[in-house]
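Participant: Chains as they are written, first to last, in this note's numbering: chain A, 655 to 905; chain B, 54 to 533.
Watch out, some of these pointers could steer you wrong.
Said to hold, decoys possible - Here chain B is said to cover these stretches of chain A; the calculated rule only asks that three of the stretch's residues, wherever they fall, bring their Cβ under 8 Å from a Cβ of chain B:
#, region
1, 681-690
2, 730-742
3, 750-756
4, 773-787
Said to hold, decoys possible - Taking lysine-lysine and the DSBU-like style, the derived pairs with C-alpha atoms no more than 30 Å apart in a straight line are:
#, chain 1, residue 1, chain 2, residue 2
5, A, Lys762, B, Lys404
6, B, Lys506, A, Lys754
7, A, Lys669, B, Lys404
8, B, Lys451, B, Lys127
9, A, Lys884, A, Lys819
10, B, Lys398, B, Lys220
11, A, Lys884, A, Lys762
12, B, Lys506, A, Lys788
13, B, Lys373, B, Lys220
14, A, Lys805, B, Lys506
15, A, Lys846, A, Lys788
16, A, Lys789, B, Lys404
17, A, Lys754, B, Lys477
18, A, Lys776, B, Lys522
19, B, Lys463, A, Lys805
20, B, Lys451, A, Lys776
21, A, Lys732, B, Lys373
22, B, Lys477, B, Lys432
23, B, Lys522, A, Lys762
24, B, Lys404, B, Lys451
25, A, Lys762, B, Lys127
26, A, Lys754, B, Lys522
27, B, Lys404, B, Lys463
To be verified - What follows is a list of derived Cβ distance ranges for each label pair:
#, chain 1, residue 1, chain 2, residue 2, range
28, A, Leu775, B, Thr224, 35 to 43 Å
29, A, Lys789, B, Thr475, 47 to 55 Å
30, A, Ser801, B, Pro250, 41 to 49 Å
31, B, Thr475, A, Lys659, 41 to 49 Å
32, A, Asn840, B, His455, 34 to 42 Å
33, B, His214, A, Lys776, 29 to 37 Å
34, B, Glu120, A, Met722, 57 to 65 Å
35, B, Gln442, A, Ser719, 27 to 35 Å
36, A, Asn840, B, Phe440, 42 to 50 Å
37, A, Met777, B, Asn510, 25 to 33 Å
38, A, Ser719, B, Lys127, 50 to 58 Å
Read the hints as simulated data drawn from the structure, not as lab findings. Even for Gly, the Cβ is constructed at its ideal location relative to N, Cα and C.
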Amino acid sequence: MLEIKDLKASIEGNKILTGINLKVNAGEVHAIMGPNGSGKSTLSSVIAGREEYEIEDGSIDFNGSDIMALSPEERSHKGIFLSFQYPIEIPGVSVSNFLKTSLNESRKAQGLEPMPAGDLLKMMREKMELLEIKKGFLSRSLNQGFSGGEKKRNEIFQMAMLEPKLAILDETDSGLDIDALRIVANGVNKLKSKDNATIVITHYQRLLDYIVPDYVHVLYDGKIVKSGTKELALELEENGYDWIIKEAEGK
Amino acid sequence: MTEEDKILEEVTGAEYKYGFTTDVESDTIPKGLNEDVIRLISKKKEEPQWLLEHRLKAFESWKKMEEPDWANIKYKKPNYQDIIYYAAPKQKKELKSLDELDPEMKKTFDKLGISLDEQKKLAGVAVDFVMDSVSVATSFKDKLGELGIIFCSISEAVKEHPELVKKYLGTVVPTTDNFFSALNSAVFTDGSFCYIPKGVRCPMELSTYFRINQAGTGQFERTLVIADEGSYVSYLEGCTAPMRDENQLHAAVVELIAMNDAEIKYSTVQNWYPGDANGVGGVFNFVTKRGLCHKRSKISWTQVETGSAVTWKYPSCILKGDDSIGEFYSVAVTNNYQQADTGTKMIHLGKNSKSTIISKGICAGKSEGSYRGLVKIQKSAENARNFSQCDSLLMGDKCGSHTFPYIEVKNKSAKIEHEATTSKIGEDQIFYCNQRGIGTEEAIALIVNGYCKDVLNQLPMEFAVEAQKLLAISLEGSVG
């Protein structure tokens, strides 16, 4: 589904990604871990098409076609979803209005008519139940005055509505208490199918108890320096990153 | 160049949609202003003597006045001898129905999206249409007449209802009030008149469209709305003009009178030609709007200001009666080289009088937007209340936004609250929307409409939709 080859990216002259190689197939869950400043969030932004990054080399293929030249919204229309580490506030725009616009713009890109209001409302209700979201949430201004947990839950709510092929969850666990973490993880697991894939970016092993990855990658200094299965995450939890860094620098 | 700048460049190039001219024969008088011109206007309009005297008196005061320069705007002062003060589309007199309209004029309606018939059927909106100096069409008059509501051009009102016009004209905005209102009082050519009788709730929106067509003309319309005791009316005006290299002058006066227990809702969607991307041309919009509130009455001004090269406008309320209410809801957009100095005055005289001010400024391009507001609590205004909120939204870093709030309190029981914020549409917000499949233009429209929601909610439904579209067009892409 997603194939990244030798991806190098920089921002304002600083090299952040120095040669990423990553292949994600449908039905898989990949975890990307790594110390602060290793390039995790940059990688997710670059996949989503954020234009302030300069791509110096490499390629990103999605479902067999090169997406490097596509705008962020075109990538979204193709089924790439990024759950933000810090979701953005838009005052005066209700959650429901934002979702309606988002969903209908995606449908328009696929040549579909806007979703009838009744169907949309029904779908929202179903997904709200999945994420244990209370009534009244839909009419609040997007992310304004939301708690950390509400913001993250809202991200996963949108993901549930848009039904992406590839979901990238950037530090979705940060700012969540244990109950909220379980609800969010539960939602993500229920949305998983053999046709979609998930990339989980996290600092901590904790989230991976709930969203169990097929593969774990360690990002350091803009490169994936080690890949393994979920046991690797446990090892990191126990021993930290130092031994991997030493191993990587020794190469 | 950052992404922000690129988007900004792209977007500030949005074209003005109403820049066409209508090719109808026009009856104009030579340009320039003197007593003879005023006499000629009065004669062409077959006016009674008292009105001519009213005009001449205003002209005498105007000659002694200086053009104000305290506003935060810079423009080349018009040469008042270089303006045509009367231009009327020539057409058959006394239209029985809109079908008799000049076909060119009908095309104008269509281009403006007014479609009088449509509106009649769908929205039940009565429309008065003023092109250059005269009113050319008023719809729905008969139906309103059954309720005793008078809705017609002010020229017609002078002929048909002279007692009402004479009683109220100039009572809220005296001829000597300011430079532009004095000018208007001397040379006004048309505008709308509306009277709602006691206890009548006007069953439909009343609407006037103003259009400057003829080159070299100024538009000086005069609007007078009187809501008698216990009545209610919702009134809307829209304005457009052709694209011209020269600056055209628009100096209107609007007077509202709300008698005891009456309510007037006055909404404006102002979209005069703003000039081109380099700041050439555009309308100078120097307008005096004021309402007088008697006991327990309410006047609510709502304005969406997207057009004009220069705007100088402060719709105000004199809260004379006890328990009266004044409201001002404003969205003012400036882009490219536009300048706006707008706001309101709430003058509290009555006990327990209340006022609310919500002002939302949006500045893009190299424009300058200012909010200027006065809240004045007089000694007699026991327990007066005011709440003001003035927000500014900036797009890019070449525009300027300013706030000049003035507060004068002479009664200690007053409670006044003032809140102000300044924010920017950020790349982060745009990227967030983009990531959810919403393109940049759409994203801006969404964010701006969200920001203006409190004001747009005050507009009648069908105009709120129109205003939303207008905001999107005015700001196409102008984000950072």
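Participant: Cβ-Cβ distance between Met777 of chain A and Asn510 of chain B: within 25 to 33 Å?
Facilitator: holds (27 Å)
Participant: Check whether the Cα positions of Lys522 of chain B and Lys762 of chain A lie no farther apart than 30 Å.
Facilitator: Holds - the C-alpha atoms of Lys762 of chain A and Lys522 of chain B are around 19 Å apart, at most 30 Å.
Participant: For the pair we were handed, Lys884 of chain A and Lys819 of chain A, check the Cα-Cα distance against 30 Å.
Facilitator: holds (22 Å)
Participant: Run the distance test for Lys789 of chain A versus Lys404 of chain B: straight-line Cα separation, threshold 30 Å.
Facilitator: Given that 30 Å is the threshold and the Cα spacing comes to 42 Å, the pair is violated.
Participant: Within the assertion that chain B covers the region 773-787 of chain A, do at least three residues meet a Cβ-to-Cβ distance smaller than 8 Å?
Facilitator: violated (count 0)
Participant: Can you let me know if the beta-carbon spacing of Gln442 of chain B and Ser719 of chain A is within 27 to 35 Å?
Facilitator: violated (49 Å)
Participant: Holds or violated: Lys451 of chain B with Lys127 of chain B, Cα cutoff 30 Å?
Facilitator: Cα-Cα ~16 Å, so holds.
Participant: Holds or violated: are the alpha carbons of Lys846 of chain A and Lys788 of chain A at most 30 Å from each other?
Facilitator: Status holds; Cα separation ~23 Å.
Participant: Return holds or violated for the Cβ distance of Ser719 of chain A and Lys127 of chain B against the range 50 to 58 Å.
Facilitator: Cβ of Ser719 of chain A to Cβ of Lys127 of chain B: about 53 Å, so the range 50 to 58 Å holds.
Participant: Do the Cβ positions of Asn840 of chain A and Phe440 of chain B conform to the proposed distance bound of 42 to 50 Å?
Facilitator: Hint holds: Cβ distance 44 Å, inside 42 to 50 Å.
Participant: Is the coverage entry for the region 730-742 of chain A by chain B consistent with the three-residue Cβ rule at 8 Å?
Facilitator: It holds: at least three residues are needed, and the region 730-742 of chain A offers 7 whose Cβ sits within less than 8 Å of chain B.
Participant: Are the Cα atoms of Lys463 of chain B and Lys805 of chain A separated by 30 Å or less?
Facilitator: Cα-Cα ~47 Å, so violated.
When each numbered hint is compared with the structure, violations occur for hints 1, 4, 5, 7, 11, 16, 19, 20, 21, 22, 24, 25, 28, 29, 30, 32, 33, 35.
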